[in-house]
Each structure stands twice: as structure tokens, then as C-alpha cells.
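Residue numbers (this note's numbering), protein chains in the order written: chain A, 49 to 449; chain B, 49 to 449; chain C, 33 to 399; chain D, 33 to 399.
Do not rely on the hints blindly, as some may be mistaken.
Partial list, computed: chain A residues near chain B (C-beta under 7 Å) [what the hints assert, rightly or not]:
(1) Glu427
(2) Gly431
(3) Ala434
(4) Ala436
Label pairs and their computed distance ranges (CB to CB) [claimed, not checked]:
(5) B/Arg312 with A/Pro352: 56 to 64 Å
(6) B/Pro129 with D/Ala325: 32 to 40 Å
(7) B/Pro129 with C/Glu361: 26 to 34 Å
(8) C/Glu390 with D/Ser57: 57 to 65 Å
(9) C/Glu361 with A/Pro352: 31 to 39 Å
(10) D/Ser57 with B/Met349: 18 to 26 Å
Sample of chain D residues lacking proximity to chain C, with all beta carbon distances greater than 12 Å (derived) [said to hold, decoys possible]:
(11) Asp203
(12) Ser243
(13) Arg282
(14) His297
Just so you know, these hints were derived from the structure itself, not from any lab. Given the structure is predicted, the values throughout are model-derived calculations rather than measurements. Each residue gets a CB set at the ideal place from its N, CA and C atoms; glycine is no exception.
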Amino acid sequence: MTSTATGGPLTAEGLGARVQAFLADHDPASTDRLKFLRARFDAGLAWVHYPEGLGGLGADPSLQPGVDAAFAAAGAPDNRPHTNIIGLGMAAPTILRFGTPEQQRRWLRPLWTGEEIWCQLFSEPGAGSDLANVATSAKPAGDEWVVNGQKVWTSLAHDATWAILVTRTDPAQPKHRGLTFFVCAMDSPGVDVRPLRQITGESEFNEVYLDDVRVPDAQRLGEVGQGWAVTQNTLMNERVAIGGGTIPRESGAIGELVKVWRERPELRTPGQHDQVLRFWVEAEAGRLTAERLGQQQAAGMPGPEGSGVKLTHARLNQQISSFELDLLGDEALRYTDYSARRPVLVTHSESPANWRFLRAKGNSIEGGTSEIMRNIIAERVLGLPAEARADKDTPWKDLPR
Amino acid sequence: MTSTATGGPLTAEGLGARVQAFLADHDPASTDRLKFLRARFDAGLAWVHYPEGLGGLGADPSLQPGVDAAFAAAGAPDNRPHTNIIGLGMAAPTILRFGTPEQQRRWLRPLWTGEEIWCQLFSEPGAGSDLANVATSAKPAGDEWVVNGQKVWTSLAHDATWAILVTRTDPAQPKHRGLTFFVCAMDSPGVDVRPLRQITGESEFNEVYLDDVRVPDAQRLGEVGQGWAVTQNTLMNERVAIGGGTIPRESGAIGELVKVWRERPELRTPGQHDQVLRFWVEAEAGRLTAERLGQQQAAGMPGPEGSGVKLTHARLNQQISSFELDLLGDEALRYTDYSARRPVLVTHSESPANWRFLRAKGNSIEGGTSEIMRNIIAERVLGLPAEARADKDTPWKDLPR
Amino acid sequence: MTATPVTGDLLYSEIEDDLRASVRSLLEKQGAWDAVLARTETDETVDRELWARLAEIGCAALAVSEEQGGAGASWREAAVVAEELGRAVAPVPFLGSAGLAAALLVAVGEQEILPQLAEGGLVAALAVPFGTAPGAPTPAVELRGELLHGTVRGVADAVAADVLLVPVGNDLYAVGAEADGLTRTPIVSLDMTRQLVDLTLDSVRGRLVASDAEGAVTDALRIGAVLLASEQLGLAERCLETTVEYLAIRRQFGRILGSYQALKHRLADLWVLITQARAVARYAAECAATGSADLPVAAALAQAHCSVVAQQAAEECIQLHGGIGFTWEHPAHLYLKRAKSNAIALGTPERHRAALAELVDLPGVPA
Amino acid sequence: MTATPVTGDLLYSEIEDDLRASVRSLLEKQGAWDAVLARTETDETVDRELWARLAEIGCAALAVSEEQGGAGASWREAAVVAEELGRAVAPVPFLGSAGLAAALLVAVGEQEILPQLAEGGLVAALAVPFGTAPGAPTPAVELRGELLHGTVRGVADAVAADVLLVPVGNDLYAVGAEADGLTRTPIVSLDMTRQLVDLTLDSVRGRLVASDAEGAVTDALRIGAVLLASEQLGLAERCLETTVEYLAIRRQFGRILGSYQALKHRLADLWVLITQARAVARYAAECAATGSADLPVAAALAQAHCSVVAQQAAEECIQLHGGIGFTWEHPAHLYLKRAKSNAIALGTPERHRAALAELVDLPGVPA
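Excised from the complex, chain A in its bound form:
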């Protein structure tokens, strides 16, 4: 029984009924977690806007929060989405859009249930913001490709079963052509994952060395040479992932600051008061801007404000945490642990202020630098001329590096 079979589009009520029916058949209290999640997927109640047979029912995406809430209310296990951010946010929409039916059947279910974690092999040391400047090569060898190169800033690579991978298959083409997109098994011979240590002391990210790694052509997503189109689609999904739901007032960096300000009056000085209020105003303005963006998206008018929200978020995280250290004074000079290690997942507020200060420096770099965000706004929103560039039509192999 599907939405189309019953004649009309699925409504919130209709979906609610399905959830209740499912819960009646699968008692969350007594069903094995994985078994429960697989069944939920098979019932089309995983991501309801996905097609039937792939975890969804072709419903409107706005109905998803209601479904999730109903499962949560019943005490059902979730798929721990924060452990598979790249899988759910980037790999899945890409597989849905560009994958063959076989690929979709193979990958989407264990991705959604969290049985298989995904990572992303896009960034390279020589590329930076110029993401298309991929040097990792893939050369055909029978029904396989042989991949060589180095990727960087790969989160979850040490946990991942699969990676989405961009490679250069034709260096004689200009930069944005000649790229091809694959799915790569992270346990393939020649894949070497090394932790990349960051300024906090920990290693959230990895470098991944690819040394004669063989990837079956059956794991190609999209056509040979169309990797840039696939990549851009993937990245667009990353940016859309912002928004959704009311953001609490005083969440994030400002919340930490005002907590200290309220709870520790002995730290306050007169000269800092107006600055605290300035930050409060900026943070609240930023929050309402994100709220408004969410409303626009919900109304089917996704605006370009996302780049601005990201810019502001990065700037405020940095400025506010820096100010918090000044407020804390001597206490801020004590750190917790610089030793090389994998980070433990904790909420931001459990982290010490100076860890948050250091970590925030990455916010204006990761996921598109603040400079790239400003270019995007100036060119795509304001319509100002693009930067002069010399790399668009020259064969990639002939570009200076």
C-alpha cells in the first residue's frame, strides 16, 4: 500500500498511522536494535521522501520530523545520525541521484541503519578552496580503476566502510572536466588512513593515502568525466543540510559566554558589559536569520542566505570564544590535554573554553572558507563580476602549480 496506490499524497496523519501500525508490529522495547532499524527502512519509514523500496514512501520531506518524533516518543532506537553525517548528508543523496538501481539497493539500507559508515575523499593538500584541482589519478585497468593520490581533511575515515571519492581520469582535459566519481571500499589494499593532528592536539580528521588502490568500475557514480557535476551536487546537499527546526535562543558560543557571565559575577568588569551585549545582539540576529532561512526553505524558496549564516556562525564562534577567555583570565591559561588522540564526542558545552576557542578557528575554513562564501555572495547574489581566472580552459596537466 503506497501513497500513489491510495490515490492522494501522503499526509502527516497517514504517516502517523503507518508509524503506529509499525510500532504495533515491532515493539521497540523488545526488538533487537538493528532488526528494528532494518524493518523501519523496509517499511519506508526511514527517510520518507526517498522512493519506495529505498527506505521511503515518496512523501514530502517536510513530513520527516513528525515521523522521527513519533518514533522517539515511542522510545524507539534511532540510527545515531551524528555518527554517519557524511553518509546521510552527502553520500546518500548522491547515490540516490546518480547511482544505478543495484548500487542504491546495495548501499542505502546499511548506510541508513548505520551498519556502514561513510567518509568523503574530496580535499587534497594541493587544492584547498580550489576543490576541483584534484590530482589523485584513476587509470582504467580492465573492469577496474587503479587509484593513486593523497586525500586530506577526511573525517570518519578510520571508522568508515565506504568512501565517496573524486579522481582525475583525464589530465589532458581542463580542470573541471576529466574528473570521475567513485565509491571506494576503505578496506581495499593500498588505502592507508593516518590521523591528521590539529591545533587542539586531537585528530578529528585524517590523511588518506591511496596507493594503487583498485576500484571496480561497478562502483563508479555517474559517467566518466562527469565527476565535477556529481561533486557539486554532493556539496549542494551539504549546504542544504543547515536549517530545520527552531534554534534555541542563546545556543552555541553565546550560550557559553552568558552562562559564565551570569553565574560568575566576580569575573565581570564594567568595560566588558557592552561587549557581552553586542555579542548577544549579533548572536540573536544570526539565530533569527537562520530561522528565517529555514522558513524560506520550508516555503520552497531556498535562498542564498546559507553562505551568510555560515560566515556569521564562524565569526561569532571565534570572537565570542576569544572574549570568553579574556573574561576567564588566568583560568583560560590552563588547558586540558594536548596529547595526540582521537577526540571523544562530547557536547560543545562540556569542552573547556580554550578548546572551543582553538577549535573555532577551523569554522571559517572547513566546508568552504569564509573567503569563498564572500565570493559566492558577491558573484551569485549581488551579480558582481567573477574573479579573473586562467584555469578554466587550459588542460589540467599544463596548469602552473
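Chain A is fixed; fit chains B, C and D onto it per the hints.
Leaving out everything else, chains B, C and D in the frame of chain A:
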């Protein structure tokens, strides 16, 4: 009797003796002002670093302040340097450097005494920061040139006897070539001076229309086609003119602000206090930077800090005067007079705060915009690559406009 | 941690879009900037003709109910009109009459003036200095016997007012603009597109409109702050548009000015600030329209933020136009003067931040 | 209006240039950043060997007279050394021993420790938390009978100290680093190139060095602030240089990164800030060297300004390096941690501005 004739370079003592001798011969109390100034020029005590016969004695420029001070102490009239800023600061060094002996003899004495005021016909509506983009044409006609075009941002044009003038004599050459530099009599037929009204209501500046104005070739400064080199030299003199002497602490915009802050405690609010102190710190840092630049120049090491001093000066004038209006609150909403008129020369502190706020907006535009200053610093000081430009080698007449 | 109030609708409704289109079309015909500039140098600094046209399409009392003769819309729609008037730096008494005075008359349940104000036949103004923040003390006009005495300097929208609403202690009086003993002196104002007036009351007879009106005056000033924020938003948007248009055609050093990255990034930053200004201004209008308990926070937030953004937009507009932006014959100075004047009007950003300190429990150093 | 003090010499003398060259050459050989980084993860966070070399060229006591065993130079020369050590984020006890401790010992006329400190055989540290501003209260270490009791957290340059100078009320005591009852616990510090130490004194025997020493402690902290400003200047300069060098070779989108105008303008602004930092740091050093009455102003000004500039320089260094600047294996984080730590050290910029309010007569709201 000259410095070389007596064997050694002129010392402060030697100059002091000459001043006293001159004063003994020309009692400031009883001598006609103009007669006194002409005699001072002829005695080489006008600008002592100029050559003999041209108002100087070939002395070290650092000796000038002592001479001026000695004349001032004796109650002697000065040449009202603030009424002839362009003449003294820009025209005179240019005439000295590029003028023929006849030109120097004709122009320098009445310039120094203030009998003849000078103005500058450089800027054009179509040029802006791109100063070399001169469209005003000069075409040869016998031993004269016929000049046509429009100049703008000309201060003192309505008072001036003479103008220094940049024209395009060969539009088939690239932009920076094909320019020629003249001295133009402001009472020539075809010179039309119109006040240019600014945001304060007044007209400090003028537009000058040049309609078949005939300029004798004898009034050309430098070679035909070398006008850009002459212009650059003139502008360099403008920038060097900064500096010199100790700048009082709390002078300029910060002085006005702290005066209000101190004298009117009822206007203070707690949230503004730290901002006043921030401005004080920035202004004092700016002052000491200018002092240090002056010391460098005095030590014969003129640094590029001048561009930075100008940038900071403009920014602080704007920010501090804006803040002062907030402090004044309702009072700042009252203006004095927007009527179209020539400004009266008053010291800045006699002007109302909101006049200073409005006038300060020009500080980041006049004499080189803040954007140009940043380009200069980035390229000439930091050695970063110049902006890509397409106008260097193309014939001027073929450039898009 | 303060609780998160319901956000409400931050977008523009179709009705609001239509209203905007009507007002903009009217302003394009009757409120071009060069006419606005020329008017600042005449004796008639208010465009009464334009105001009449705006009143015809309901702008004189959008948030007044239909029973009271108003348009029966809300402060949301009024805020949209304020945006458009800000874009045009229009010299009409919208803020004073349709904003402050209307809000005050509604709040005290006044029945005589309001219907006339609503149909556009009468302009009212609140007789307090334009810089008065919500909750700040108002000037000491006093009642001696039955007559009013006092001075109120720098009142907005009193040039064209027929009635002045005068706070007297905790009472509110209405005074006819032509009343004996009342002197109205228009002053040279920083922003001549909203000329201020000094009022002197020397034995003036007024009509008691309400007692116990202090709270209503504060509420009216708060509504004014909400509308002013939208006016600032509109002005900021116009400054950005004008600047982008200019940079897209002006060339220097052989290149379109708008291709220089440093300028692009500054305009991008300004655009981001404007998206924020829009969000806070819309939130304030929504709170005003729905009577949200968060209105005091929303109004202070909107003023604290939009004042800063509008000033920055006007400043960038001048700077990026170069010399021409510094001249009288370019509209940039009108925006600058309006932006600076608005930043001080109804309380500076710093005053609004100080208000937030109380409202959201962020106190200063303990005494 | 406050009177303008004599500016003095803000340039570098030839002797200072020579000293700088010697120190820089030494640091290039023995203080490369990768060695500095590696050392932060060892038990020996101080480079004693490097300190010994620096002492050989007189850096242990530049401003101490030759009669007292010092180099007989002044705080001007010491400030030049601080600049170089800031550039290199060098892990040596210069600030604590050659700065704070030497200034304090000279001020109180101490004769025993000073000669040893001056020849480099002994390192001393002032036992106050590193964040202590000049004039701020010091921790309550007390004398019970003849023995000292108390806790002092976060002391700078005490890792390598042989002697600790401990303020006890208005008295100053010297305590040997190995004294019975003294516990020194090095802590994980934000800036591991200057590891801080917690001190616990539990019945420790000290030697009374001076009574009535409170003013001398304040003066010493002020000298520390002067040197710290120069350290911040050197660090900021290094950050700018490194960034310019990187942008001059790194390409993106087919162009040298340093050709992008938005980046050029940000670096130009940073350069301007650094010229100002140099002026205020030099002025502070000149005031310290000449005993100018304006020293309190100069020191507060230098700290208020240089703290901000050094942080901005370190932040731009990270941002403009992109991802690589966020990694452990690049020196940018060493600069950032030093800059942030220094901004808090000896008082935050805001504390120094509050001090200026008193010093230059810019009071707050009247009580």
C-alpha cells in the same frame, strides 16, 4: 655672502644670526607686510633649503622650523601658509624641479609671499582613483596649446591666480604616456570655475571647465609627453608634506570627543566608557606612529608608513565623530547651516560635531582613497602581486569607458 | 538561560508584497530622490501631497482597526511601508503620525482624533525629543492651573502636525497645532528629510486625553522603534543596491570596479548584515503585530542591530562611490543623514543594548 | 586635555640593530619552530641550552647596571630581545627572569640574587599568576611564625626557576626552588612554549628580601608589560611575514593567492596595525629606559594595543594558510596560543584600558 662662500654649510646659529640681522634692518612693527615678506624672500630666509636667489640659501631643510620660530618670536608677519597650501606644498617643489630658470624667477617669489595663490587641475569626473585617466586635451597651436576638458575637486580655484594642470597631448599613446604638464593662468578666457557643493552644504571645492583655453608653451613644465612623471613627483611632495613636529596628544577628533566626555558627565553612559578608551588607545597609537614616521623622515629614511597614517587618520576621524554624535544624542540631530556657500576657515574644534562627522567622510576619498592606500601597502611594501589590469599598454583612446 | 519565544512568521505575506508594490510604485512616481533633495531646501520640507496619496491606500493607520477608521491590518504591514519609505528617504509623517501617535491613541483608547488620523485628514505627532528611547523620561511640560507650560526640543513629524500629543507627567494632553501660546520652530536638522521642530508651550490650553498614560507612551515609542528598524532596513537595502549598480558600470584602471575582490567582499559582508537586519526587523514587526511578550526584546534587538547596519550601508555607499558620493548632487548624503539621525532616534544602539541587559538578564558588575 | 609628554626616540639604534642580529642568528640556529613544537611535548619545556647561549650575549640582565653584574644597557635593548623571542616563540625564561624578576630585584636594591641572575647562572621568577595586571592584588601567601603558607597558581617561567620571588603582603620573600614544603606543579598550559606552574607553599622557609615592596612589584609588572608588548610586536611581524611568504607562492584557481585583492587589503590593514604596535611598543620601551613619568600610560597603551594586534596577526596567519594552518604540524598554532596567552598575561587589554581611564582622566559615569 653665502654658505658656500663662508666655507662650511649653514648652521642653526649661522641662520639665527642672519635672521637677527634681517630683523634689525626690517622692523616688523613698522615695515609694510608685503614689503617685509618680499625682502625676507630676497634674503634667502623664506624656505632656506631652496637655492640662493629663489628664496633660500641651500641650507638643510631641518633648519626651517628654527627660522620660522625666530621670525614668529619677533612678531613678524608670516606668509599665511594655510591660504596657499597647494602653491607651497605642490606647485613650488614642482617648479623647482621641472621649471626653467625664467619660470622659477617668475613664479616662486609671489607664490611664497602669498601674492599669487595656486590651485591644482588634476582630478577629472571620469578618472577617480585612476588619476592618469586624464581626458582633458591640449592641442598645439603655434607657440600655444588649446586646452579643453573638465576638472573637478579643485580647492582654491576661485581664489587662484595660477593652476598646475595635467592634460592629454597624445591620445594614441597608452594612458600613462601622452600626458603633458602646464601652468595655466586662471584668468585666461575659457576658464569657468563653478563651486562644487558637498554633503556639508558648503563648497570647498570647484569644478573647472576649460573651453578652448590657450596656454603658452612657455608655461609648460617638463617635456611634452612626460606629464605623468611630473604629476607623480608633485603628488609625492603632497604625501611627504605629512609629518614634522610633535603632534599634541589628544589632537583632532579624539580631542573633541574626550573634551565632551570630560566636560559633560551627564551624557556618559556605562556602555560607552570602554569605547571612548578604545578610541583613545587607537588615536594615541596613531599619533605615535606619525611621530615615529617623522623621526624616520628626519633620519633620512622616509618609510612607507605615510599611507598607513593617512588610512588610520581617515578611519578614526570617521568613527570617532560618529560616536560623538551618539554621545550627544538629541543635540546631534540639530545642524547649523546647509545653505550653499563657501566655507569659512575655522579650526576644526569650532565646527559642530555633526559637521565634522559629515566632513570626515571625505577623508577616506581625498588625496588617495583608503582602497588605493591599501593597494600601495600591499604591493609596494608587502610585495604582493599587482592587480591585473588591461590599461597599461593599450592606446588611451581605445580603452573602454 | 532565557527561554526561546515562538519565532512566528518572518517572511513577507502576499498581501505585504502587494502593499509594498503599491507604495513603491507611488514613490517612484512622486518621491524621486532629486525631488526629495530639492524639497529639503524649501519651506515645505514635508511632501503633503505624497502623504495624501499614501493615506489613500491606507498607510495613515494600517494597524488601526477598521472600527476605529483604520485599515485593519497590523504593524507587520506598517513595517513594510516603513521599509519602502526608508528606501526613498521620503519626507512624510509616517513614523510620527501613523506610527507613534496612532499607537499611542490606540493604546489609550482615544476616539476623537484617531478616526481623522486614520482617514488621513489629520496628522498627529508625539511631543517628545526624537532621541527619546522607550521608557526614558519625557520633558517636563507642566500644568499650571489649566494651562500647559514647557519646552520640547527636536520633535519629529511636528512640521506637518495638526495635533500634538503632549505627555505631562503621567497624563497625556492633545494640543492643536495652532493653539494660542504654542510656538513651533522648525530647526535646521541633520536629516532635513525629516525636519525636527522645537515646541514652546506658554500658557497653552490642551485637552486631557488620558491619565496614567506613561506606560502607553513607552509602548508607543517601542512601536516606533519597531517601524524605525524596518525603515533602516529599507534604507540599507537601497544603499547596497545603488552601490552595486554603480560598481557594475564604473571602470578604473581598465576594469569594472565591481570586479575588485576587496570591494566585493565588503559588499558581501554588508549583504550578510542586511539579511540579519531583515530577520530582526521582521521579528520585531511580528512581535508587535501579535502582541508577543517578547516585543520589548525584539524592539531593542532590532534597533540595536538595524541602526548599525543602516549606518554601515550608507557609509559604504559614500565610500564606494568615491568623490561623487561626497557631493550634494548625489543621494548618498541623504541616506547617510537619515541613517545617522535614525541611529540616535528613539535611543542609540547602546541604549537599546543597555535595555536588553535588563530584559534578558545580563546584568553589569554587581554594585 | 592631558599634556603631551616628550616622545623620545622611537627608532632602533645601531647597537639595538646589532643586538637583534645576534639574537636572531642564535635563534635561527637553535630555536627553529619545529624544535620548539617538539619540545612542548617533552618534560623539558624550557630550552635551558638556548637560555645559556642568550645569557652569554648579555640577555639575562640587559637593563641591570654593570656594577650589579648586568649588561648596563636599558629596557630599550631588552625590548628588542623580546621582539626576537616573540618572533621565535622561544621557550626561555626571559620575560620572567630578565624582565619581571630583574626589574623587581633592581627596584628593591637586592644584591645577592641579582649578580647570579645577571650572569645567567640563576633563573628567578616572580610568584604571581601570569594574568596579574600591574597594581592588581597578588595571591594571599602568608607568614605563620617564620614559615610561608599559600598557593599561587599559573606562574610564568617558574619551570626553570632557581629562586622564586614571593610577595607576602607588603613584603617580598625569596624562596629556593628546592625548598622544603614547596611544591611546583607544571600545568598543561594554553601556551606550552611558556609552561605555567602551580606553586604550593606549605611551611616554607623564605628569605625576606624587602619590606614595603608593593610598589616595586607593581613597577616590575609594568616593566613586564612593556617587554610583553615588544614580544607581541615580534610575534605579529613574524605572522605577517609567514603569511605573505605563503600567499606569494600558493596558487588557487590558477592564480597566486596573494594576488586576490581582498587578502591584500586585509594584510595591508594588518601591516598598518603592526606599524602602530611598533610605535607604541617603542614608546613604552623608551619610557621604561628613561624613567619617564608617562611610563604607566605608555605601558598600558602598549599592552592594550599590542595584545589586539598580535591576536589579529595570529588569526589571519591561520585563516590565510587555510587548512594547513589548522594543523599541529604548522607553526601557526604556536603563534596563536602565545598571542592569546600574552593578551591575558599581565592584564587583558580591557584591564589596561580601565587603567588608562584613571591615568589620562577619562572617568566613567559619576557615581
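Now the hints, each set against the structure:
no., hint, result
1, Glu427, "violated (17 Å)"
2, Gly431, "violated (19 Å)"
3, Ala434, "violated (13 Å)"
4, Ala436, "holds (5 Å)"
5, B/Arg312 with A/Pro352: 56 to 64 Å, "violated (46 Å)"
6, B/Pro129 with D/Ala325: 32 to 40 Å, "holds (34 Å)"
7, B/Pro129 with C/Glu361: 26 to 34 Å, "holds (32 Å)"
8, C/Glu390 with D/Ser57: 57 to 65 Å, "holds (59 Å)"
9, C/Glu361 with A/Pro352: 31 to 39 Å, "holds (35 Å)"
10, D/Ser57 with B/Met349: 18 to 26 Å, "holds (23 Å)"
11, Asp203, "holds (31 Å)"
12, Ser243, "holds (34 Å)"
13, Arg282, "holds (16 Å)"
14, His297, "violated (4 Å)"
The structure fails hints 1, 2, 3, 5, 14 (numbered hints given earlier, in ascending order).
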